[in-house]
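Visitor: On the provided structure of chain V, position chains Z, W and E as indicated by the hints.
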Amino acid sequence: MSTLEEFRPLFHPARIAVVGASTTSVSGGNRFIRNLKNFGYAGTIIPIHPKAEEIEGLRAYQSLADVPGQIDYAYVAVAAATAPGVVRNSGGKVRFAQVMSSGFSEIVGGTDLEADLVAAAREVGTRVIGPNCLGTYSPAARLTFTEKATPEPGSIGVVCQSGGLGIDIIRRGQNRGLRYSGLVTIGNASDLGASELIEYFLEDDKTRTIGLYLESTREGRRLFEVLRRANARKPVVLLKGGRTSQGQRAAASHTGALAGSHSGWEALCRQTGTVLTDTLDDFLDALMATQGMDLRPSATSRVVLFGNGGGTSVLGTDAFDRAGFSVGAFADDTLTKLEALGLPAGSSVANPIDVPAGALQQDEGRVAEKIISTIAASGAADAVVIHVNMTVIMGFRHVDMLGNIIQAVLRVRQEHSPGMHIVLVLRSDGDSETEERKREYRQRATSNGVAVFDELAQAARGLAAIRIVETYRSGATV
Amino acid sequence: MSTLEEFRPLFHPARIAVVGASTTSVSGGNRFIRNLKNFGYAGTIIPIHPKAEEIEGLRAYQSLADVPGQIDYAYVAVAAATAPGVVRNSGGKVRFAQVMSSGFSEIVGGTDLEADLVAAAREVGTRVIGPNCLGTYSPAARLTFTEKATPEPGSIGVVCQSGGLGIDIIRRGQNRGLRYSGLVTIGNASDLGASELIEYFLEDDKTRTIGLYLESTREGRRLFEVLRRANARKPVVLLKGGRTSQGQRAAASHTGALAGSHSGWEALCRQTGTVLTDTLDDFLDALMATQGMDLRPSATSRVVLFGNGGGTSVLGTDAFDRAGFSVGAFADDTLTKLEALGLPAGSSVANPIDVPAGALQQDEGRVAEKIISTIAASGAADAVVIHVNMTVIMGFRHVDMLGNIIQAVLRVRQEHSPGMHIVLVLRSDGDSETEERKREYRQRATSNGVAVFDELAQAARGLAAIRIVETYRSGATV
Amino acid sequence: MTQTLSEVLHKARAMGVEALDEPSGKNVLKSAGINVPNSVVVKIGDDVAAAVSDLRAPLALKVVATGVVHKSDVGGVKLNIQDAAAAAEAASDLRTAMKAKGIEPDAWLFEEMAPRGAEVVVGGTMDPEFGPMIMVGLGGIFVEVLKDIAFRICPIRERDAYEMLSELKGAAVLKGARGSEPVNIEAIVDVLLRVGGDDGILMRGTSELAEIDINPLIVSKHAAVAVDARFILRKEKVIDVHA
Amino acid sequence: MTQTLSEVLHKARAMGVEALDEPSGKNVLKSAGINVPNSVVVKIGDDVAAAVSDLRAPLALKVVATGVVHKSDVGGVKLNIQDAAAAAEAASDLRTAMKAKGIEPDAWLFEEMAPRGAEVVVGGTMDPEFGPMIMVGLGGIFVEVLKDIAFRICPIRERDAYEMLSELKGAAVLKGARGSEPVNIEAIVDVLLRVGGDDGILMRGTSELAEIDINPLIVSKHAAVAVDARFILRKEKVIDVHA
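Chains as they are written, first to last, in our numbering: chain V, 1 to 478; chain Z, 1 to 478; chain W, 1 to 243; chain E, 1 to 243.
Careful, some of the hints might be misleading.
What follows is a set of in silico ranges between Cβ atoms, one per label pair, in the way DEER data are often shown [claimed, not checked]:
{"hint": "1", "chain 1": "Z", "residue 1": "Ser25", "chain 2": "V", "residue 2": "Ala377", "range": "32 to 38 Å"}
{"hint": "2", "chain 1": "W", "residue 1": "Ala97", "chain 2": "E", "residue 2": "Pro182", "range": "50 to 56 Å"}
{"hint": "3", "chain 1": "Z", "residue 1": "Glu339", "chain 2": "V", "residue 2": "Pro50", "range": "44 to 50 Å"}
{"hint": "4", "chain 1": "V", "residue 1": "Glu364", "chain 2": "W", "residue 2": "Lys147", "range": "55 to 61 Å"}
{"hint": "5", "chain 1": "Z", "residue 1": "His416", "chain 2": "V", "residue 2": "Gly475", "range": "58 to 64 Å"}
{"hint": "6", "chain 1": "Z", "residue 1": "Ser298", "chain 2": "V", "residue 2": "Glu203", "range": "53 to 59 Å"}
{"hint": "7", "chain 1": "E", "residue 1": "His222", "chain 2": "Z", "residue 2": "Arg229", "range": "48 to 54 Å"}
{"hint": "8", "chain 1": "Z", "residue 1": "Arg229", "chain 2": "V", "residue 2": "Glu364", "range": "50 to 56 Å"}
{"hint": "9", "chain 1": "Z", "residue 1": "Glu339", "chain 2": "V", "residue 2": "Arg437", "range": "31 to 37 Å"}
{"hint": "10", "chain 1": "Z", "residue 1": "Ala331", "chain 2": "W", "residue 2": "Gly179", "range": "52 to 58 Å"}
{"hint": "11", "chain 1": "V", "residue 1": "Thr477", "chain 2": "Z", "residue 2": "His416", "range": "54 to 60 Å"}
{"hint": "12", "chain 1": "Z", "residue 1": "Leu410", "chain 2": "E", "residue 2": "Pro182", "range": "49 to 55 Å"}
Residues from chain E shown here face chain W by an in silico Cβ test under 7 Å; the list is partial [to be verified]:
{"hint": "13", "residue": "Val145"}
{"hint": "14", "residue": "Ile149"}
{"hint": "15", "residue": "Ala172"}
{"hint": "16", "residue": "Ala177"}
{"hint": "17", "residue": "Gly179"}
Below, simulated DSS-like cross-link-like pairs (lysine-lysine); rule was C-alpha separation at most 30 Å, straight line [to be verified]:
{"hint": "18", "chain 1": "W", "residue 1": "Lys175", "chain 2": "E", "residue 2": "Lys221"}
{"hint": "19", "chain 1": "W", "residue 1": "Lys99", "chain 2": "W", "residue 2": "Lys147"}
{"hint": "20", "chain 1": "W", "residue 1": "Lys71", "chain 2": "E", "residue 2": "Lys175"}
{"hint": "21", "chain 1": "E", "residue 1": "Lys221", "chain 2": "W", "residue 2": "Lys169"}
{"hint": "22", "chain 1": "W", "residue 1": "Lys43", "chain 2": "W", "residue 2": "Lys11"}
{"hint": "23", "chain 1": "E", "residue 1": "Lys71", "chain 2": "W", "residue 2": "Lys221"}
{"hint": "24", "chain 1": "E", "residue 1": "Lys147", "chain 2": "W", "residue 2": "Lys169"}
{"hint": "25", "chain 1": "W", "residue 1": "Lys221", "chain 2": "E", "residue 2": "Lys221"}
No wet-lab data here; the hints were simulated from the structure. Built from N, CA and C at the ideal position, the CB exists for glycine as well.
With the rest of the complex left out, here is chain V (with noise of 0.2 Å):
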């Protein structure tokens, strides 16, 4: 069996078993059950009750023994002593069982009953997945574990060690727009692991970038074979909790992570391209980056940033420079068309190009079109940057320069594809007015590929991941 076909009944379940729910509270296998109805999931649900013949309006079974036919995936949220059991007692008739119930090895004396329900699974060929997590996320198949999530597909896979981190990755994540192909949270990842995820994902078309969030593995050596084997074909951004020594020791006791040096998953990472983050917050920029763009066959190397604010564009050069991009001069042909444009007094043409907002909005802001496409024609640059302040653009209310501006970044793009990388920096100033349409040109520009960072800082960071990618691909030694 493919690697594809032996996880579609988890990313694709059509019949899923629920063993938690309860007949008179709202336990977290109701909350599931609900959650799937809202999400639209189309599948049959069916709850395990040792009484009740009805659960949330639902026909429910005794045990999971008693369903007539296969079960692809079996959502199990009950006290932790009893779960062995309940995948013991199953009839091998469960794909997959993810169980979400903790007390296993991440609190002291939990090791045996982990290795009781792992000794369960494979008597009766389930796959276990956690315990001690929240479940398994796939928008094209209408599977949640979370309310709110969005069920628009995407193309990012993700393998999180931590529930509560994967609510976050699914709902910060798509309020920035990212979106996912599917998410599992692995918990303490008794049975299955990271790598497995991983190679299905390496297999599904439908994903292109691969974010992991780990804090520790038992099964280093896969890991590293996969990395290496998978050559980087798929960008994957790795957040590892417990980097650092007091950090691991906090891990110890959320997921019972193993006590590694932290060498070992710096070297992983460099000898297979993958991209290091430290925050939840570097980890959705990297992912935002490798989900809107191509990656260029060298390196990204030559930036040029354009946007609004004297201030701003010099910070904007210190955090390029500080990531190791060169944001250069430019020649003296590319200079003389840009200063062609006329832009009035106040603007500077040469690299960081700082245009204010009154003359951005000549032309009904087309003027944006003229600047990036004459870069683009230039061959100056790996990546522009186009940097816009919410708050003063905003002031000019009869000109949808904004939107004018993203048109042309696409318009460009497609001419010069994929030689150069366009991003956008949308600057906030927090208000809700403003952040209401900051949210809504976000959408604009995510939807249609475009990566959309809050700062400068941050689209540095992001185009410095692209960069670990391309380079680890080109074959040059860092």
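Guide: Just chains Z, W and E, lined up with the frame of chain V:
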């Protein structure tokens, strides 16, 4: 004349002249007058116009010299070439003239014009601010140069070399809960430089913290001496533009920045206990930390993390470890007291304390107060960082858990002050509903002097800023 | 070589040895194709002067004694021995010195001293998550004071080896900083691959080795020579990365 | 001392000199209270053996010649001279060698060699924004390869001097890393204050100096000795930080 008296006309002007308002269009001068009126400025506004008798409904004069009586502050937005004449022919009536026009030393060939502007000012005894800037913000005097600024005065005094960043600092800052005693954009700083304004803010009772955005200085010795003499008695946070070689090149074309050495600014900060930041967001976070907290007599070192989310706790611990803090295990007696609170399974009362949202809603969320009190009483923490995942918390709609937490922080702080810093991290998914709630809670917290950050990594940076000042003041060698 | 390495390591573990003695360690390196100094091992009591006659001075003398892993720490090393007579005298002196410390030498190791060059350290460890890992650093203050070292998971490829070296803060030293000659980078890469590559010592010895440490590897313009090597054996039960 | 320093520097600039010669530079240091090796300057043709008779061997010989700032680069330094006769011979040899390079020596500088210790570099520059700044680093690879240096704006205080040293990545070397003896940190701090403090050379010489470089300052367990010093004078017009 004392520094306070000297600068009173700038920050509390009774009579403002506006040079450059138009009768036929809406120029910068007109917008300034409208902003002043909207903002509730109660003093006299005097437009200057060669022909018009009235502008924006106000009696106009032909020149500054024609105005009867003194002018505290003149807003000058005319073509660069005419600016020296405006100042020279003012009859010495103007205390402070802020020249917004660009086209001086920041452009090739503009140095002489700037020298002439300064010469004119010296001739007539006026202090010039700028040129190449945007204005001054003094909410207590209802003086502003940008719309949508809050009239609520605060304790942060800012000197900002860039006008655009000045607007960002005001607006992004106020939306985060920062409140200002004043902000002056100084542009090319031809006459009035940062050090005199720092001296004013050091004297001003309303100002507790000083923020600086600088790209270069022509008065480095004086700046050094002023800050050295201040001995960090008020925290000073510096955002330095052009700290990298490429950024310095960009700064040269922005404010005509001198090519100083990067090590000079780092040395300045170390020798004066100044907090050096690299991005606008880091700058605002450092101001947030200093605004909200009374400094401890010795350097903050031992941090306790408390919140919901295991993965977040792990990454948070990593962030605090990287920032040089200890997130240490509790002593046995403290642990016993925390365990006695009887938190449900899935909680971890080791440091970091990880309590599921479900547990936090117990007893209307009052369990949080018990936890914070226990930590405060133990003396085990220099700082407690409370992090809340808004998404998860908002699921529990019937309890104002977050409101209770904020109340708890205020009560505990009153009892144990100033032994322990308490800061709040409100983690949002970026959804508009979540953001609205966050805005509301942030406002409640910051208006009570509790610092609020977006993420744990930012809180770590904020506390690291505090630590720099505390260390400097304590006299300990770093 | 597989046979040799497995045999050597397994036999040593079976005998309850914690670490290979230096001649055995150097033999492992030699059979893996890594340059070690020409040497002779002289049993206590044998004719030293005759035994060293084929070696080219200057020579180094090192004590071989069970349980002595850090020879220099016990004063068990003598350098710059210029001829056969001096060699005999050095051995005799060293025997007295060792006796005074209660150390009973098993034998003497005489080695030709390596030509001048940069000191490099190559190490191997077993990571609880990733298994065999290889490490490289520059000798002296770089490793000891600055912790300037680069790690990779085994097996490494040639590109990994080059990147490890360029990752070092002191990389410029290898390229000839401070007026010294650039050293043979390819020779270091070759050693790294022989230690940490697909067919390298760490991959072959995974089930037996706990740690290896080639310190120093002296690298000149021409070649890299492993002047000292420690092989620490596993105590815990055998694992096999190839499973 | 103010007089002396101003006079010396001003006179040198007036003569169109770009840098002080080594004996003058060392005199500046000495008058600022910084240890320099006992030395004699011997004019060309004078009796070397007699002149050096009061110095304690081993001695160093350095050429003093207008325009020669980097003496070692032209081979103008000889070390480890053991007695008066050897000193005379060394001077004679050096004269021949210098002649071959077209360098006409003004004089010979004989110095007692400093006791062994850590090499420290102390420098001073004039920053376009902040004026006089002082720099400290550890000699050798730390400064040259790793750029491991700390800067402060003058005048510095004692706390600044201590912080500068603790900021260095190689700080452990001063505290006795790698088995060597810890050096006299207070002695380095003292030199930093005499160079960069309120009353230090940089504050007094701001209007005349472009750059100073004490390299190396040899610091032992007991003391710090400035073994070489360069004073580069300003070319541009005088500025005064006290204005």
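Visitor: Return the numbers of the hints above that this structure violates; sort them in rising order.
Guide: Of the numbered hints, 2, 3, 7, 9, 14, 17, 18, 19 and 25 do not hold.
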